[in-house]
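Chains as they are written, first to last, in the numbering used here: chain A, 1 to 412; chain B, 413 to 681.
Treat the hints loosely; a few may be bogus.
[Claimed, not checked] Covered by chain A, according to a simulated footprint, are these stretches of chain B (three or more residues, beta-carbon under 8 Å):
hint, segment
1, 441–453
2, 476–482
3, 486–499
4, 521–535
5, 650–660
By construction, these hints were calculated from the structure, which means they are not laboratory data. Ideal Cβ placement from N, Cα and C applies to all residues, glycine included.
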Amino acid sequence: MKKGYFGPFGGSFIPEVLRETFRQLTLAYEEARADPAFWQAYLRMMENYSGRPTPLTFAENLSREFDGRRVYIKREDLNQTGAHKANNVMGQGLLVKRMGKKRVIAETGAGQHGMATATMAARLGLECVVYMGAEDVARQRPNVFWMEQLGTTVVPVTAGSQTLKDAINEAMRDWVASMDDTHYVLGTACGGHPFPEMVAWFQSIIGLEAKGQIMAQEGRLPDKVFACVGGGSNAMGIFSGFLEHPEVELIGVEAGGEGLQGDRHAARIASGRSAVGVTQGMKTYFLQDDDGQMKSTHSVAAGLDYVGVSPILADLHQQGRVRFEAALDTEVVAALKRLMKSEGLIAALESSHAVAQALKELPDMADDACIIINLSGRGDKDIFTVADALDDQAWRDFIMEKAAQYKVRQSG
Amino acid sequence: MAKSSNQLEKQIRKRLKKRTRKSKTPILLMSHMVLGHPSLEENAQVIDAMVKGGVDIMELQIPFTEPYADGPVIAAANQKALDGGLRVDQALEFLANTTRKHAIPFLVMTYCNIMLARGIKRFVDEVADRGGVGLIIPDLPLEEAQEAIEACNRRGLAWVQLMTPTCPDQRLAELGQAASGFCYVVARKGVTGKQTSFGDELDTLLARCRKATTSPLAVGFGVRSAEDVAFLAGRADIAVVGTASIQIHEQHGVAAVGKFFAGLRDLEG
């Protein structure tokens, strides 16, 4: 098989001008991967800076509510900046240091990956520019605020649909000019080789830990593992711990949005309505029209609102190793609420997709079943989005009051 | 991948010879436009003006939602064309009408997903049947292009390779070997439409590209004035003007585009 391919998916469909940069990056990645000291340094950094290993929390109350079926939750929400994004970003940061580059750029949708990259750049002393769709900049001011406080330049992207895929295009436009001193910290297991494989490698820390933890706590492997799938990096991370155990069923949960019938979703695989195509560096499933134009997608969770999916997951789907499902916006909000009430955990809207699917499947599982849900990120920092999703009137009143105070101060 | 002896290459050489006899700026002009921006009707008018203005070759871009190898001006034109509802069928029909009307060669430029969505063979056949002479696909690297190159060879279409300042000599040689029609030299790193400095660095790049291929060389990315074209004359075979003409069209209308191209070879040496 050709390098960088996973079955028929993947590859490296990049403009000629970046070929040499990708070659150098692939070399640096392969050297790092072959060097046990690199992974040790990565583990030390994640332990010291990001609180790893993250716990595998036994969800006592949920387990009771499902008649003793055992529910475990992998707590990626406890990472630095509150999501699994830190794993990938810190790993690539160490690689940047190794390559001797001085500047990093990144795309971001809701801002999680941008935030993680901004903290990494501050910590490692790198210049940082984050590209973010203008629409997302307007929706996610708190994340923009923190990125700027961290010393990152946030560039609003007004091209295209002004969301994640357009931010990726704009970061590419920067990179084709700046590659000599700049590394593009791609946020998910997508793009041209070596990005899917490299990001999945850094995220495999989740699965490694989870497997050891479930064996220690439960003395057996789980029956099912649930993870949400946007680009696919948190899913690849936790799945990688169980791929070699065919008895563990792996379930990827995509954004069902407002339903799979129209275009108001981002369920590339579960909808069965995407086609294999090529853009943004990779061959994989894309939601596209007959002409090959990419569609706009929708999800209540900005982090899942992406038109393509990791080529590694596309292959695992085709092999039948990973089952894909979709959770609707309404089911996701309900799951978010239930996990808060039952376990006191505030999940991100993205991660709540995995929770929602688990809640659907638990009642039909065996009485002694055991599952792991990957809680890829925490929701409290997305208070504006979550409060909107929950349609909370008291929050709305508070914001209006606050706005009125600012107005008075400005005119006074 | 053997290089086919290409019709376009012969046309280019013949036209260049004629140009060299007639003008002191011995170089061909290639222009670019995004189909459907602002409309196919206006595209047709602009093409008339460009041909009158002395344009020798044209690349017609079929717009794509993710034009990440293009700079902001051309990317926005892609978006506007798609917002206007342009379909690939219409773009191909437009190609047929255009090649019937004008004698100069027309190439199709687009991103590879547009070709893949139709099927490589069908896309190449349709472009050839409608009188197109070649393809430029910036996001389909040589390693992935074999099927497309073979399809092009079968139909006598030129497969245009991009050569860039970041390509080592050995890579340039691979690209030069596989290309047909001409090679498209990207004058600098970065996307279309930004400032390029026409000087020693470009000279060195062009010398490296000449060594790598026997095909004619086109130079694009940042060519926007008669001075730029004069610099390239004698060094390259074709000057490619893209972003600048879109901007002139947007700001000053169709007639200005013709005048702009007519003036590009005016700086007599």
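Right, here's what the structure says about each hint:
1. 441–453: violated (count 0)
2. 476–482: holds (count 6)
3. 486–499: holds (count 5)
4. 521–535: holds (count 8)
5. 650–660: violated (count 0)
In terms of the numbered hints stated before, the structure departs from hints 1, 5, listed from lowest to highest.
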